[in-house]
Amino acid sequence: MKNVSFKIDGRTCTAEKGQNLIEAAKQNGIFIPSLCHFKQQNPLGSCRICTVKLNNRAMAGCTINIDKGMEIEVNTPELLDTRKAILEMMFVEGNHFCPSCEKSGDCQMQKLGYEMGIRYTRFPHLFVERFIDAKAERIVVNQNRCIKCKRCFEEIQTNDGYQVFNFLNKGNKTVVTVDYEQEAKLSESQAEFAMQICPTGSILVKGKSVSKPFGNRMFDQGIEGKTIPFNKINKNTNNGQKKRVATTSLAGCFGCHMSLLDIDLGLVDLIEVVEFNKTPLTDIKKFSKRCDIGIIEGGVSNTHNFEVLRAFRENCDILVSVGECAIWGGLPALRNTIPLEDCLNEAYLNSLTSDENESVIPNHEDIPKILDKVYSNHEIVKIDYHIPGCPPNSNHIWNVVKNILFEEELTIAYPEFKYD
Amino acid sequence: MDRSSLLNKLWEYQNKEGYISESAISELAKTLKVSTTEIEGVVTFYHFFHQQPTGKFIIYLNNSIVSEFKGFQQIKAAFEKETGCTFGAYNENPLFSLFETSCIGLSDQEPAALINFQPFTNLTPKKVRKIIQQLKDGVQLKTISSTVTSKIQYTPTDNKTVFFRNYIPGNSLKKLQNSSASKILNFISRSKLAGRGGAFFPTAKKWQYCKESNSSKKFIICNADEGEPGTFKDRALLENNSGLFIEGMIIAAFITGATKGFIYLRAEYTYLLKKLESTLQEFHNKGFLGKNILDIDNFDFNIEIQLGAGSYVCGEEKALIESLEGKRGEPRIQKYFPTEVGYLGYSTVVNNVETFAKAARIIELGSNFISAIGTEKSKGTKLLSISGDIAKPGIYEIEWGTTIRDLLKLCEALSPYYIQISGPSGSCINSSEFDRKICKEDLSCGGSIMVFNRSRSILKIQKNFMKFFKTESCGVCTPCRAGNQILYEKIKKFERGLCTQNDIDEIKQWGNIIQLSSRCGLGKSSPNSLVMAIAKFEDYFNLKISPLHENQHVEFDMETAIQEYDSIIKETQL
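Protein sequence lines correspond, in order, to chains D and X.
Taken in order, the first sequence gives residues 816 to 1235; the numbers are from our numbering.
Taken in order, the second sequence gives residues 1142 to 1715; the numbers are from our numbering.
Some hints here could point you the wrong way.
[As the list claims (entries may be wrong)] With a cut-off of at most 30 Å between alpha-carbon atoms, the simulated DSSO-like pairs for lysine-lysine come out as follows: (1) X:Lys1271 to X:Lys1222; (2) X:Lys1197 to D:Lys988; (3) D:Lys1000 to X:Lys1222; (4) D:Lys868 to D:Lys883; (5) D:Lys832 to X:Lys1358; (6) D:Lys854 to D:Lys868; (7) D:Lys1184 to X:Lys1271; (8) X:Lys1468 to D:Lys950; (9) D:Lys926 to D:Lys1197.
[What the hints assert, rightly or not] Some chain D residues well away from chain X (every beta-carbon gap over 12 Å; in silico): (10) Ser820; (11) Lys841; (12) Glu917; (13) Gly932; (14) Ile933; (15) Glu970; (16) Lys1027; (17) Gln1036; (18) Ile1078; (19) Leu1096; (20) Asp1107; (21) Leu1167.
It should be emphasised that the hints constitute simulated quantities derived from the structure, not laboratory data.
Beta carbons are placed, not taken as given, at the ideal position from N, Cα and C, and that holds for glycine.
Okay, chain X solo, but in the shape it has when bound:
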């Protein structure tokens, strides 16, 4: 067994025994010839691995902000009441264990939970009671789980739809047959395809680096770890057009000369695993994968699926590679591109599901087709997952350059007030910016849009985001690990009504420091939303602060400070 299969091995134990026992850890340590704490370090990094026995059914309830606004607390209470268990506790019930988890990619169907990784959506306390009763009665889990369908709410006219048009497997691959790697790369380059995970790195450039690398082995990795809260657009591709992005991977392999590919699938999407496996099998049967693909000599490429285990930061490409190597998902330092030093040290291309899918369409439809759609710098269409206070949550395929206002109309937003673009690490906008366009030139977007109306507390939104970041930070660098925690405390101070203008200024300054000095994208973007919200929703925050005390006193909550003492004294007096 080599190190890179560690995650799979840990999953085996987790699934078989319900946890990863000390003996399992020492056995693995012995096999891999590493210290036991090194294995333990990996186990404790991923929140779907447990070190204590869990119940037969592990319930993960999503605690993202959309869920919170749609009744998370009631559902949480319902689960606790029906099972008699507490969230986060072990050894309470042989049947159930309850845990919270960050966004599971079902923001259009919240509140939602995963029970043994099967989805249960649009939960109500009544539904929860029924589910738990059925599970107690021994009903098969799969027969009662929800069928997740991505509602495709909008696609442009036929001549402008890129992703959700009729898909015939192999259509794009055919074009490889009488072509060359440089020609195909040229098509990608002309269509100005840029990383659709949100970083907008030119895809053709990335592939060219890998193509030109003299690495003895090359790898193509599809990042299907869409952990950014509020994002579920890749889920729609995995579900509806699973062949499309795989074709994109094959095209990338054709261009770069890679022989091995990985799909790093987030564990939250385990229910899509079967579908992906059967697509891969189908591709093998059709000769799209394996040896001499499409009868092109020496074009060999295989794809393996790697299941993640619960870690947001693994969506960062360098952390994803570490995770794939069987390590803790700590992002590597920003010294080398993965195309220089990637998986196991070899040249590696990492791209988002949507990027690969788009690449396949570019080859299939031609770069002229794509170039006719969109704006100067962003060509084609973009997949958006829209959720929150709207009548039509779901997937939207929009032409680049669509304004927020048009988008809000399409999804029938109900008095929109606060819009979160690209998830917590992205940016927020207020109503004065509704004419901004979604494209590289203006408002870049990774794929998540969350709409909130006036009744929603902005502080609650920020608190939810910051709690997410402080939990999901990999823990390696100081500004991200400590800084997010410090900002979280600041938000709590706000909630208690103890903040003044000084605190507003400090949030801006401290946010800046974290953004400037963090090691990877997580810390560099974690304060974004809070810092922006303070600037863009000034009126809201002005109502939350107290005037500076004339006597240079600092706001202090004496009542809370002595509460504990009073209650202890009360209990101990005769």
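Excised from the complex, chain D in its bound form:
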């Protein structure tokens, strides 16, 4: 095949005529992200992440074969935002609890989230109840995480040519199903290959899921970040006045607060430039002064969380949601796909520690009421900034806070930006 030249974002590139755009772009040093395209398989065009414009017409990049003179737009602001939005749709459509996922750290969808800098999703999470199918011999299919990319359809077949994975239903009820009879025919390595090509943690192999420790996983590697000490902060920027900070933990585990304290000796520098108002760190229960910044851990699960959050909005200039729970519900939101009644029954009536024939769920006017689901903070009040992580790295948190309060330059290193 002969080489032809074409243009990506105005830059002249060359590739073999007929070559797949994603591969051709890669050879020319341009990365077009995609979650369904896999090596040389038939283009599926299902995930739509690789949406580009060919001669001003939007198309999935993986379905384009290079031809002479093509003019392709890849990284225009519109396309970058579209790509980000599609990825966000995947996050809200499924139930992606990174901290409890076996594939976390080795997950291509998660990695793409880092690449695109997704801190929160513009769409509300849908919290649809999904099924985990562990009946097959080796493979577990977790529907919570499936993005319906169809990679497994194309790449995994039995040696005698049968499909192992298929779609069931249509519309928003579409799910991937595994054929037990065919799955049993797969060899160990074929099953592991299925898990490997799954861009999320939807396909797992029993007993093989967690092999690498935190820090050594595929997408953990990167340059270490560094923090500029607080005592280096230019005091002129705040006229010698200390900035006031408030913090709280709503439906969270205080893990983010632990991470806040992880700057160790930095704390000594910190109290030089900021003072804490309402926060569990000082045990000040009520706002006594207006604060510059409010740091919120945890989402809104009950009426008390709601009131605290609204009070924060009223008393702080800037609000920052810290951690997955604050941003979209996080682990407490695991209950969002389960009816509230079942949750309460499980906790108070049928638990191991509850009395036999217990029939009363504790209730008192002083006990906050549980909401129908866990809400993200930005569903209740306007949130100005989001810091993802479970918990976010302490460097990450303080870098953001410094940036907001003292206009200190912000750098987030790859290993610090995490959803787990």
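Take the given structure of chain D and dock chain X to it, following the hints.
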């Protein structure tokens, strides 16, 4: 048995046993040498196939927006009351099963239902009671079903009527006898015939691609799967002039050299199947189909009817081909035209019923006749199915270029306020646009017009449309599958009074993203109506939004959020 007959085989099971059992699925899987889940995948894609036993009478009640405004809820309640069954449930009654279904092409006679695919129209609770009683008493279904007649409310003067003029079978085919494929194609090309399903692709070009293809086999497919809610114009052609479009298919075969044709008929029109079959038989008897048609040497062409099984997206040509091959109706990627890679990989022409019918008339009446009617870019007439708040719902054959205002006068619209053109995937217009013309240059139209008056809730319309799209999406691509669901949630938020100007802006932005990045026409057009309605009915939506909270609070409905807890607590306290 080969894969392409899978749908027919599944219909056999469905009709014989009332459902497709696990054993039927594994038997089919064994025969076709595929995994059982692959067959299951096909079964679950089409909503007229069931995996659990159904009653002797399966009742499909149409839930389209026109039906909703004409009393869908009461009829639904009446069916549930009379049969004692719940919609969507199985195993309740050996006699009846109730399901909702999207538009069944009877918008001019709503509320309407199909009982074992026989039509029952203009339903009232009283009628429902009678029907159910009769069925319980063992009265024959066919003796009590409604006779569907398409009311042709308007045709232009004789020298301008194209479709609904006197039809004599074979009149257009005769012209093939002393002509050549290129000459006939030229006639089609000169009349500027464009795809009447709504995409306006030049028909002559499509046929030429197929003609020039060196594919060893070629196919002509008639898309009689008019699933766009509010559309029933093809039904009128199938019913009144069933020969006309078949002649069009034969002409297409003459031009392209195709030897096999399919009519992909939506299952909702099963009651028209007999009529089509007898027309095909009549054509065989007359020598219009079969071998050496009209004594033209080597002109062989046969037509087979394929029944769909309940899927809107199969109206998309590439999804239709997949369905015809016995697969899930997922549209193929937009890499090739069906004329390049079509049915079973061969060059294939897919056209709408109206396009074929028009082609036949062009050949019969001559392209000069057609070219004298219409506008510069749209020649001839257009069939419209008009429904909603009008005195005369039905079929209108109008000259291209007719204004909405004239149209509203013709159909005697009652204080029209919101007009939906081309169904949910089309566009909506307000009263300031009533002087717009229906033609390619201005307001393109696939054939459906729904008129709503001021008393109708625009939110209800949008909610109905979006629910339809999120259910009927094939499920393959993210923006359509997830995006429509997200927009549906947004409309629900609107209903609860929790939206602000931000939500209006978001709908526009999010709609844009779905339109830009979806895989096929369904997702590319599903947000159209909502995004347009927001822009064109600004006053309406402004009344639906709350002012932004000064304290930067977001609207939150605490009452609903704690309702569940309160009721649980109430029940468990002593």
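Results of checking the hints against the structure:
Proximity of Lys1271 of chain X to Lys1222 of chain X is assessed by CA-CA distance (about 12 Å); at most 30 Å being required, the pair is judged to hold. For the hint pairing Lys1197 of chain X with Lys988 of chain D, the CA-to-CA distance comes to about 27 Å; that is within 30 Å, so the pair holds. Distance check on the hinted pair: Lys1000 of chain D and Lys1222 of chain X sit about 50 Å apart at the alpha-carbon level, beyond 30 Å; violated. Using a Cα cut-off of 30 Å, the hinted pair Lys868 of chain D and Lys883 of chain D holds, with the two alpha carbons roughly 16 Å apart.
A hinted pair counts as satisfied when its Cα atoms are at most 30 Å apart, and Lys832 of chain D with Lys1358 of chain X qualifies at roughly 29 Å. Using a Cα cut-off of 30 Å, the hinted pair Lys854 of chain D and Lys868 of chain D holds, with the two alpha carbons roughly 22 Å apart. This hinted pair does not check out: Lys1184 of chain D and Lys1271 of chain X have alpha carbons roughly 50 Å apart, beyond 30 Å. The straight-line distance between the Cα atoms of Lys1468 of chain X and Lys950 of chain D is roughly 26 Å, inside the 30 Å bound, and the hint therefore holds.
Taken as a hint, the Lys926 of chain D and Lys1197 of chain D pair is honoured in the structure, with Cα atoms around 27 Å apart against an allowance of 30 Å. At the 12 Å boundary, the C-beta of Ser820 of chain D stays outside the reach of chain X, the nearest C-beta of that chain being 22 Å off. Taking the minimum C-beta to C-beta distance to chain X, about 20 Å, the non-interface status of Lys841 of chain D holds against the 12 Å cut. Every beta carbon of chain X lies more than 12 Å from that of Glu917 of chain D, the smallest distance being close to 23 Å; the non-interface claim holds.
Every Cβ of chain X is farther than 12 Å from the Cβ of Gly932 of chain D; the closest lies at roughly 17 Å, confirming the non-interface assignment. Every C-beta of chain X lies more than 12 Å from that of Ile933 of chain D, the closest at about 14 Å, which supports listing it as non-interface. Distance to chain X confirms Glu970 of chain D as a non-interface residue, since its nearest Cβ pair spans about 15 Å, more than 12 Å. With a least CB separation of 29 Å from chain X, Lys1027 of chain D remains clear of the 12 Å interface cut-off, as annotated.
Every beta carbon of chain X lies more than 12 Å from that of Gln1036 of chain D, the smallest distance being close to 28 Å; the non-interface claim holds. At the 12 Å boundary, the C-beta of Ile1078 of chain D stays outside the reach of chain X, the nearest C-beta of that chain being 29 Å off. The beta carbon of Leu1096 of chain D is kept farther than 12 Å from every beta carbon of chain X, the shortest such distance being approximately 25 Å. Chain X leaves Asp1107 of chain D outside its interface by the beta-carbon criterion, the shortest separation being 15 Å against a cut-off of 12 Å.
Taking the minimum C-beta to C-beta distance to chain X, about 19 Å, the non-interface status of Leu1167 of chain D holds against the 12 Å cut.
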